[in-house]
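*Asks:* Below are the chains, spelled out letter by letter.
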Amino acid sequence: MATAEAAPPATPAAVPVTLNVNGKSHALALDPRTTLLDALREHLDLTGSKKGCDHGQCGACTVLVDGRRILSCLTLAAAVRGPVTTIEGLAQNGNLHPMQQAFIDHDAFQCGYCTPGQIMSAVACVREGHVRSDDEIREYMSGNLCRCAAYPNILAAIKDAAPRMLDKA
Amino acid sequence: MRPFAYAHVNDAAEAVKAGGTFLAGGTTLLDLMKLDVMRPERVVDINDLSREFSAIAYGPQGLRLGALAHMAEAARHPDVVREFPVIAQSLSLAASGQLRNMATLGGNVLQRTRCTYFRDTSWSRCNKRDPGSGCAALEGVNRKHAVLGTSPNCIATYAGDFAQSLIALDAAVELAGPSGARRMAFADLHVAPGDDPSVETVLRPGELITGFIVPALPFARRSLYLKIRDRQSYEFALASAAVALDLDGGTVRQARIALGGVATKPWRAREAEAALRGKALDESSARAAAEAAFAGAVTHGGNDYKPELGKRTLVRALLQAKALEV
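Going down the list, the sequences are from chains A and B.
For the first sequence, the numbering used here gives the first residue as 1, with consecutive numbering after it.
For the second sequence, the numbering used here gives the first residue as 1001, with consecutive numbering after it.
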């Protein structure tokens, strides 16, 4: 696996990457090492998605690709095929998404750093149908850590938003 | 992260020709590249192979799982849930909702160990990372390390769950490679650390997993995956058991048993299976089977508790499987 240190390779050639984010298409030329998270934050100025652990352990970077929740920190931007939805793309016509409103109503955060990832994950969790019991919500939200431990209020927010999301669908 | 050349391919023929490290879900690869543990010079994105290799199909012959199917898709597939609950459970009890949407089945079985000394390059001794350098875990913090299939060179635990269900059900794995396609028993894919822990599978350079075949096994409806861990969710196993039981009343015609969290590779517990054959399944016969499964366990201090935890896990899994209404 690890071998003796070779001469450091030159900076790799940029690869063309087209990202469709929140309904808008962006043509970028990126170092192939660029993760989707870094592309969003550093190249598209969409800083809502947060860099927590940067190793797929905390969930702060959660976004939707093709409507499915994924971790943008462990995804190469060049490997993204489908349309991306970030926290910035949830509100419609100036109206907060029901999940965003529920997080406010239930005080479902303290410092707020994990919140965009929590909300994206919660939206997907409802769409997946994993909101049939408190335990099921906890299980399917376990990939989003909250160091402030706002978990009881996050649970309450998801239970509150779920029927209103499903009414709209 | 070190620089690498990136290429994406459209089909298996292009992939095996491309040469390099395959990228599917990336949940292991990107993580370990950021840690500087894996240092590929060429990354070959095989996600477009999902057109060819992501189907999940069930029929009289059994179950076929495309290697590019995501964990979440297989975990919720109605045929998998109904006919092979141990597979569905091994997948849904692993990782998180996001990771299960990303990780593919092929990548899942090839995930690397969570051994802290392997993952942290500030430790110079790791035979898996740097062959011949030694093993810091032998006398280090080894609470989560393996007790079965170890060698004096490596005690890193195989971290996956899905592989245990495959090995218990006598699955086969299909490969594409530079010299053509081949198929082998899944049990032959992984190798124990032995003299060279950096070699984890028998995959040849350029070879790619394209699918898994699970033979039809009607009694697999009486199967389950029991996973014991430090947290209730989103955590690797300290001990786990994949079991399937063919019962005649309370007597075992056949048992299939694999153990996770305790071994250096996906571990089939054939001694335990043999101990149960023809026996009435109760706490005492289950315990005897568990003793047989761990007869060869070797511990290193921090993991002294693991054989007992592993035995209790297996006993509970067997008794729970017996009680299933199928």
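Since the hints were made in silico from the structure, they are not lab data.
Incorrect hints may have been included.
Pair by pair, the computed Cβ-Cβ distance ranges are [claimed, not checked]: (1) Phe1219(B) <-> Asp105(A): 48 to 54 Å; (2) Gly1194(B) <-> His26(A): 27 to 33 Å; (3) Asp1188(B) <-> Gln101(A): 29 to 35 Å; (4) Leu28(A) <-> Arg1042(B): 17 to 23 Å; (5) Glu42(A) <-> Asp1188(B): 28 to 34 Å; (6) Pro1078(B) <-> Asn93(A): 43 to 49 Å.
From a predicted model like this one, the values you see are computed outputs, not experimental measurements.
Beta carbons are placed, not taken as given, at the ideal position from N, Cα and C, and that holds for glycine.
*Asks:* Is it true that the C-beta distance of Glu42(A) to Asp1188(B) lies inside 28 to 34 Å, as the hint says?
*Replies:* Violated, since Glu42(A) and Asp1188(B) (Cβ atoms, about 45 Å apart) do not stay within the stated range.
*Asks:* Per the hint of 29 to 35 Å, is the separation of the Cβ atoms of Asp1188(B) and Gln101(A) within bounds?
*Replies:* Because 55 Å falls outside the window, the suggested range is violated.
*Asks:* In this structure, is the beta-carbon distance linking Leu28(A) and Arg1042(B) contained in 17 to 23 Å?
*Replies:* Cβ of Leu28(A) to Cβ of Arg1042(B): about 22 Å, so the range 17 to 23 Å holds.
*Asks:* Could one say that the CB atoms of Phe1219(B) and Asp105(A) fall in the range 48 to 54 Å?
*Replies:* holds, 50 Å
*Asks:* Please check whether Pro1078(B) and Asn93(A) have a Cβ separation lying inside 43 to 49 Å.
*Replies:* Roughly 38 Å apart at Cβ, these two residues miss the hinted range, so it is violated.
*Asks:* Does 27 to 33 Å hold as the CB distance between Gly1194(B) and His26(A), or does it fail?
*Replies:* At 49 Å between Cβs, range violated.
In this structure, the earlier hints numbered 2, 3, 5 and 6 are contradicted, and the remaining ones agree with it.
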